[in-house]
Amino acid sequence: MTMANIIINGQKISTKAGITVLQAAREAGIDIPTLCDHPALSAVGACRMCIVEIKGQRALQTSCTFPVTDGMEIQTDSKMVVDARKLVLDMIFSERNHFCPYCEMSGSCELQDLGYRYHVDHWVFSTYTKAFPLDATHKYYLMEHNRCVLCGRCIRACDELVANHTLGLGQRGSESMVRADANISLGESSCISCGTCTQVCPTGALFYKRSAFMGKDSLTTKVKSTCNQCGIGCGTEVVTRGGNVLCVLGDWDAPVNKGLLCKMGRFEPLYDSRQRLTAPLLRTKGKFKEINWEEAIQTLAKQINTVKASEIGVLAGSYSSNEALYLIKKLFNEKLKISNIGLTNTVAPRIFDKVQGTLEDIAKSDVIFVVGCDPLNDQPVASFIIKRAVDKGARLIVVDDKKNGLAPFAFMNIDMADINKAIEVAKRANNPFILYGAGITKTAIAQIKKLKEKANYIIVDSGVNTKAAAALGLNNGYDPAGLKILYVLMGEQNYEGDDLFKGIPKNAFIVAQASYLSPLTERADLVLPAAIWSEQNSSLTNIEGRIQNINKAVEPLGEAKPDWEALQLLSAELGKNIAVSIDKVSTEVMKSLK
Amino acid sequence: MAKVKVKVATDWLAGCAGCHMSFLDIDDRIVALSELVEFTSSPITDLKHPPKEGVTVGILEGAICNTHNIEVAKQMRERCDILIAVGDCATFGGVPAMRNLVGTDAALKRAYLETESTVDGVIPDSDELGKPLDTVVGVDKVVKVDLFIPGCPPRADAFFYALTELLAGRTPVILPPELFTYD
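Those sequence lines, one after another, are chains X and Z.
Quick note on my numbering: the first sequence kicks off at 49 and runs consecutively.
Quick note on my numbering: the second sequence kicks off at 44 and runs consecutively.
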């Protein structure tokens with residue numbers, strides 16, 4: 049590593065040669081204001097806020113794009129620099145309507161912060177007169193062009209992070225506009241509603257509809273958590289005010305998603321219109337009666353005590369936390385000796401002996417296999433990572449008998465039966481990466497084993513916490529025949545049809561632990577209300593085998609309880625005290641994953 | 044000999060009176076201020092125009108949206124030594140400048156002729172009224188302004204801070220960050 053000795057504002061600094069002046073200054077704790085710069089995006093020098101004086105350079109230079117060299121002398125706050133920054137700000141403010149009291153983002157705006165910092169107290173140039181369009185066609189966010197500073201963060205996020213290429217810049221100079229596709233509305237564009245553009249926008253040009261005008265940053269509370277909508281386990285920041293969730297942001301520090309989220313994680317849980325269950329319900333003479341938890345747990349314990357272990361079946365839903373799955377194993381399987389335990393979703397087979405890779409490894413591969421899984425529809429953030437690699441030249445091979453969301457991006461689309469053709473291609477690759485799911489066929493398994501030496505892989509299990517469930521051995525099959533009690537831990541999962549009830553004896557006592565009203569809860573004899581993603585402390589295991597915490601952002605609705613708390617109450621009632629803590633369970637799950 | 048008080052005059056242009064209300068929110072400090080300051084004219088005193096002999100500090104709230112506003116601003120400028128523009132309308136154009144985005148003609152038509160409850164509407168055009176301008180602007184676009192205090196409204200403490208700084212002879216007045224706000 050070549051070092052460079054430079055001087056910033058008279059301070060001698062030794063830094064890596066080739067990094068930008070902005071990076072060097074930040075490392076030394078010297079603050080240079082920026083607007084178009086974003087840590088997750090490439091530097092483009094669009095806004096000119098970060099200009100600095102560099103000895104020997106003819107004009108002021110944008111520090112975000114200028115590399116340091118040995119002996120460089122830099123002034124970041126000279127009069128010339130500050131005057132130029134003020135001029136730049138005055139020009140940005142004069143271009144469109146940046147009048148704060150109109151704007152939802154006032155108080156959470158980087159342009160406003162700069163206005164305050166440089167004391168912009170009137171318009172030096174002409175007062176705004178031109179009205180720019182407002183695009184309200186998108187379901188989840190608004191694009192208010194009057195607030196746009198043309199920094200291009202949204203465009204870069206759409207290109208570089210999500211690889212969706214919906215946004216671009218149209219026209220030139222003062223006519224420049226951020227556009228979706230060929231200048232069509234956001235609502236009808238190729239936008240996939242991941243919301244990353246909205247999260248990176250420094251002003252109020254892009255903002256969420258649902259949380260608009262619900263309070264500036266300083267009035268909200270942010271809780272770091274983990275998304276539970278698929279097996280990726282993206283890090284989130286849940287933004288709340290007064291006990292209500294306003295919005296969900298991607299956590300830039302999260303190792304899995306590095307700030308990205310998808311529609312499923314960012315928006316859909318906030319728009320869930322299913323009816324919540326808020327109190328335990330017991331069917332009495334054909335009708336539901338609200339009861340308290342004590343009564344509910346006593347009733348359940350009594351039922352369990354009256355039948356044989358072989359007459360009890362347990363189904364764990366995809367959303368179950370590590371803690372709940374652990375309790376199911378400890379209580380039902382180990383203590384009560386119930387072996388009839390299954391999952392509501394299928395588990396992909398283990399093919400390779402070696403340890404699987406991480407999502408990050410996808411970027412290093414030259415050929416990517418997607419076999420029997422559909423990340424674009426089921427684990428969208430994984431598809432962003434794949435599409436990004438494809439943009440950089442990796443070849444994508446989709447092997448699926450069904451219509452696959454990633455097919456349009458693939459170099460090769462083939463059926464499972466023809467997988468040998470793809471294997472031939474992969475043999476010539478340096479770093480093939482395989483993502484496979486439960487859809488993989490026996491023929492494909494046999495073929496793909498040929499790549500065991502060379503390929504890195506990830507098992508893309510369907511559902512959410514399937515990896516932990518499989519690791520704890522809860523997928524050994526479930527048979528409804530002869531059941532007297534069926535315990536279903538549904539959580540937030542959608543009830544997906546009658547097949548669940550096939551073969552269950554008519555007089556079986558059905559217990560549904562669920563967050564939402566569904567045909568399952570309608571048919572149940574005892575309903576235990578479950579807390580949802582924002583209301584509990586628990587942990588999840590992602591498809592990489594990473595154990596991550598869900599942190600409570602708001603109180604559970606009504607009497608709802610986290611899935612594992614209800615199971616713990618039951619174990620106590622049955623006299624089988626099982627100690628549960630998130631740390632302890634995480635260690636146990638970690639052990640079983642190996 | 045009684046101490047000579049510093050004369051202050053205020054007036055409003057195209058505004059909502061909110062800045063004046065915020066000024067009054069300095070509460071009991073106005074009593075102490077009155078020891079040092081003589082409030083000569085304002086929209087809430089009997090005297091409406093700044094005295095001919097002039098004042099030291101003139102304070103204007105509101106944007107410039109018609110010819111009458113220009114006259115008022117010019118008279119205040121002529122009769123004061125230090126002119127302060129207070130509030131987002133006087134400093135930036137503010138809410139009245141929303142009119143710029145549709146144009147004056149369209150705004151007048153919508154307001155006086157096309158509102159859902161209007162029957163046989165007329166756009167007022169009496170000679171006694173100021174003529175609307177094509178563009179609504181801040182006060183600094185028609186007269187020289189010495190100090191800008193933005194805010195919608197500016198905080199009461201910002202008024203008090205600015206006046207006490209001026210009374211102490213400290214110029215230019217630099218508002219501390221907690222008193223410098225756009226909303």
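Everything labelled a hint here was simulated from the structure, so no lab data went into it.
Wrong hints could be hidden among the right ones.
[As the list claims (entries may be wrong)] Listed below are the simulated DSS-like cross-link pairs for lysine-lysine, each with C-alpha atoms no more than 25 Å apart in a straight line:
1. X:Lys134 / Z:Lys187
2. X:Lys178 / Z:Lys184
3. X:Lys178 / Z:Lys48
4. Z:Lys184 / X:Lys134
5. X:Lys178 / Z:Lys174
[What the hints assert, rightly or not] Cβ-to-Cβ under 10 Å is the rule here; a few derived chain X residues that face chain Z:
6. Pro149
7. Trp171
8. Thr177
9. Phe180
10. Lys490
[Said to hold, decoys possible] Listing some non-contacts, in silico: residues in chain X with all C-beta distances to chain Z over 10 Å:
11. Ile67
12. Asn145
13. Asp169
14. Thr175
15. Lys178
16. Asp229
17. Met262
18. Thr326
19. Lys383
20. Ile493
21. Glu583
22. Ala620
23. Lys642
The model shown is predicted, which means the values in this text are computed figures rather than measured ones.
Using N, Cα and C, we set each Cβ at its ideal position, and we do this for glycine too.
> Looking at the structure, which of the earlier hints fail to hold?
Replying inline: Those not satisfied are hints 3, 10, 12, 13, 14 and 15.
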